[in-house]
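Novice: These protein sequence lines map, in sequence, to chains A and B. With my numbering as the guide, the letters of the first sequence map in order to residues 16 to 304. With my numbering as the guide, the letters of the second sequence map in order to residues 178 to 748.
Please note that the accuracy of each hint is not assured.
Claimed, not checked - The calculated DSSO-like cross-link candidates involving lysine-lysine, where the alpha carbons are at most 27 angstroms apart (straight line), are:
1. B:K414 <-> A:K283
2. B:K598 <-> A:K298
3. A:K283 <-> A:K205
4. B:K244 <-> A:K56
5. A:K289 <-> B:K558
6. B:K575 <-> A:K54
7. B:K580 <-> B:K532
8. B:K361 <-> A:K30
9. B:K580 <-> A:K54
10. B:K598 <-> A:K101
11. B:K583 <-> A:K56
12. B:K726 <-> B:K244
13. A:K289 <-> B:K414
14. B:K726 <-> A:K283
15. B:K598 <-> A:K205
16. B:K532 <-> A:K292
17. B:K577 <-> A:K56
18. B:K282 <-> B:K324
19. B:K726 <-> A:K292
20. B:K337 <-> B:K235
21. B:K243 <-> B:K337
22. A:K101 <-> B:K532
23. A:K30 <-> B:K532
Simulated from the structure, these hints should not be mistaken for lab results. No experiment lies behind these values; they were computed from the predicted model shown.
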Amino acid sequence: MPENLNIKSYETPVKPSWCPGCGNHAIWVALRQALVKMKIKPWEVAFTFGIGCNSNGANFIKGYILHALHGRPLPCAEAIRWTNHKLKAVIAIGGDGDSFGIGLSHFIHACRRNVDVLYLTHDNQIYGLTTGQTSPTSVKGFKSKSTPFGNIEEPINPLALALSNGASFVARGFAGETEHLTSLIINGIKHRGFALIDVFQPCITFNHLNTFAWFRERVYKLEETNYQPTNKKLAWQKSLELGHKIPLGLFYQERKATYFDELPQLKKEALVEKSLKNINLNKALEEYQ
Amino acid sequence: MKENINWKIGGQAGYGIMVTGLMFAKTCLRHGWEVFCYTEYPSLIRGGHNTYQVHAAKDKVNSQKKKIEVLVALDQNTVTKHLLELSAGGVIIFDPEKVKVNLKKNLKVQSLAIPIAKISKEICDSDLMKDTVALGASLALYKADFKILVSVIKDVFKSKSAEIIKQNIEAAKKGYDAVKPNSKIKVLAKLSKIKSASKIIVTGNEAIGLGALAAGCKFYVAYPMTPATALLHFMAKNERAYDLVVKQAEDEIAVINMAIGASFTGVRSMCATSGGGFALMNESFGFSGIAEIPLVLMEGQRTGPATGLPTWTGQGDLLFAINASHGEFLRIVVAPGDVQEAFTAAVSAFNLAEKYQLPVIILTDKYLIESPQSTKIFSTKGIKIDRGQILIQSQLNKIKDFKRYKFTSSGISPRSLPGAKGGEHQANSDDHDEYGFSTEDIKTRNRMMAKRAKKIQNLIKELPDPKIYGNKKASRTVICWGSTKMPVLEALKQNNNFKVVHLQYLCPFPVKFFTKNIINPQKSMIIEGNHTAQLKQLIRQQTGLNISKTLLKYDGRPFYPEEIIEAVKRL
């Protein structure tokens, strides 16, 4: 298989059920392209998914997949990484509801832990699978079935949140820029530490505001400017740029110790490789005599 | 009359009551005696009322007693609250400078006044050593070997400076010497040295932690919550020596999902909490059920609902554990009755979780997991680690079309672990087909439900039956579960006119046991720590038997053998 590893190697017999034209299709392509380019085989990667249109993708991609509950892909992914750091990639996938609504706390804690996990958030600024309600990233004034008179809350800023909590790789992709997204994913997997890629993924069925055309008018790539993703203050400024111009690309990257680096018990084998033979309780029993 | 020690120390939180109590217990243990310790404390760090009670005897002790012979009152509150617990001829030890004791004439109690604070001040210029002074005096009353107390002080304060150890020994000595050998004040028991097999003194938390280590638990995750917090401390302390990763997560929802994630990779993982934390975990508990991912979870009950009485005990979560999470799926609920059973149940929990690919709840309570008691030294001898059906690479190589959730006659489908070629699959919280792909197909859904449920057939044969104790011919029967076994067996020591049925494995319910063993519901009593007689409900639901009498308690306190003996008289 390795010699002819290609994008089809990552397919399952189940065909995607997303709406024709949905941004999920492009992310699905970019993710598989990235893995193939990195020569990672399906059994060397673990994916965790939440619940939402994006996470139905658990059925369309081959690998070791933990299709968790709504909001919970991250804690599952973190534990997979701690217990088997030898996997080539651990990728958590969720929507904006999973990531910035019900599972928000997990996201902040994963940032500060710097666990070696790539978090790919499919951010369509709406709840799609439940047929269109306002999400934590919906803009103020956004009208939906749950806010027919307009959303009166400010949206979450995922990138600013990641930056302020110690994430060491903070990026934004766009489902309309597959090649660009592929390269972000490759860098995100290569990055040692927690990597967030928040992906704008227009929901063509329910979000009639943040459409492909709306994004195309606004987005530009940081890589095409002289921006350097090494300065947290600049990254912070860029993360707040959400007006008529919206940056895509790598906002910030920093090399620092991952969770794994800090644990001497993981220096040799992965936790899953530890022998369970000849366990001796004497040391633990010492203080109870 | 057998010699018994029933000693209690009380004072404000922050006085060091817990350490002093443990030192008293260890001193008894090192004289060859058996001990049972019971502690009470409020949910605050300083100023509240703490007590530590030690029941010791030359033979097995199963619980604390209501009546005590020695009360050490480090503050006035202890006198007010506990003086009447002293039995006739009992001794109250106090510092007349700090505490007033007015003994009414009808109260046959001896008072032993010792200048505790003054002695402490001479040693360390503060009253910091007062509990150690009182400890020395207490052990002098029981004529303990002072050298043994010194060895205990040295061990317990091992991590402290040589100066602190020296001061404590001096404080203990001065307290010890304050009780003259010819003193008129006497207690019945003499803490004489006896020969007995080496023992340890552990709480249920420690017993479960030791069981987890012995079973090869390599990932432990928790969020602090009384009374399960000490298990987190135990695992964290042993993290490096036993090559495991211990994680304190952001909340209980993260906790259970981390435990599931770790188990998915093939690591033996465990989490623990109390009722409130388990309530938060409930949704994900079902994920373990539907995705058939092994999970070991300790639920240490405290008094609910909501915050309830956070540092007190209870057995109010039995039906909650059995019915936890929405939807229907198989789980095991085991409620060990003492520290030995807690150790064994922990080891078995890992084996059962992996063998049957399901969640296992070790249902304990504050009383079991925070009460230190003596037991024979836990050993890994004879412990078998059964990892269930995990396909290794060479086995996967022979399988062309791997189905993680293959329909099998046992309901158990061999699993594969991340990294193994050909074993890729989806462990899915949606219901799924044999591969793990989401499906809403009627036939597949029904077959998959049946497959998961079918595991009960072999499982029920493997689980130990309830145990019968006491006078097997007696018509009077006491039925209990979990930690209530301890005071019930203590009551049995004094009054052997009843038999005891103790249920440890409660889910799946041991229906057959109740058909094999004739239990007269008119002559039976259920004793449990809740308001709605949950075991009574369960027995009636599962067997049709309606046990007529109950002794229930939901005030946060454990049962005392004295009240059990009284209750049995009603049968």
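Novice: Now tell me, hint by hint, if it's right for this structure.
Specialist: Against the structure, the hints:
1. B:K414 <-> A:K283: 21 angstroms, holds
2. B:K598 <-> A:K298: Given pair B:K598, A:K298 is violated - Cα atoms ~38 angstroms apart, limit 27 angstroms.
3. A:K283 <-> A:K205: 21 angstroms, holds
4. B:K244 <-> A:K56: 69 angstroms, violated
5. A:K289 <-> B:K558: 20 angstroms, holds
6. B:K575 <-> A:K54: Given pair B:K575, A:K54 holds - Cα atoms ~24 angstroms apart, limit 27 angstroms.
7. B:K580 <-> B:K532: Measuring from Cα to Cα gives roughly 18 angstroms; hence the hint holds.
8. B:K361 <-> A:K30: 90 angstroms, violated
9. B:K580 <-> A:K54: Distance ~25 angstroms between B:K580 and A:K54 Cα, so the pair holds.
10. B:K598 <-> A:K101: Between B:K598 and A:K101 the Cα gap is close to 14 angstroms, so the pair holds against 27 angstroms.
11. B:K583 <-> A:K56: 24 angstroms, holds
12. B:K726 <-> B:K244: 26 angstroms, holds
13. A:K289 <-> B:K414: This hinted pair holds, its Cα atoms lying about 19 angstroms apart.
14. B:K726 <-> A:K283: 59 angstroms, violated
15. B:K598 <-> A:K205: 22 angstroms, holds
16. B:K532 <-> A:K292: Holds: B:K532 and A:K292 sit about 18 angstroms apart, inside 27 angstroms.
17. B:K577 <-> A:K56: Holds, because 17 angstroms separates the two Cα atoms, which is no more than 27 angstroms.
18. B:K282 <-> B:K324: 38 angstroms, violated
19. B:K726 <-> A:K292: 48 angstroms, violated
20. B:K337 <-> B:K235: 32 angstroms, violated
21. B:K243 <-> B:K337: 35 angstroms, violated
22. A:K101 <-> B:K532: With Cα atoms ~25 angstroms apart, A:K101 and B:K532 stay inside 27 angstroms; holds.
23. A:K30 <-> B:K532: Not satisfied, since the Cα-Cα distance of roughly 34 angstroms exceeds 27 angstroms.
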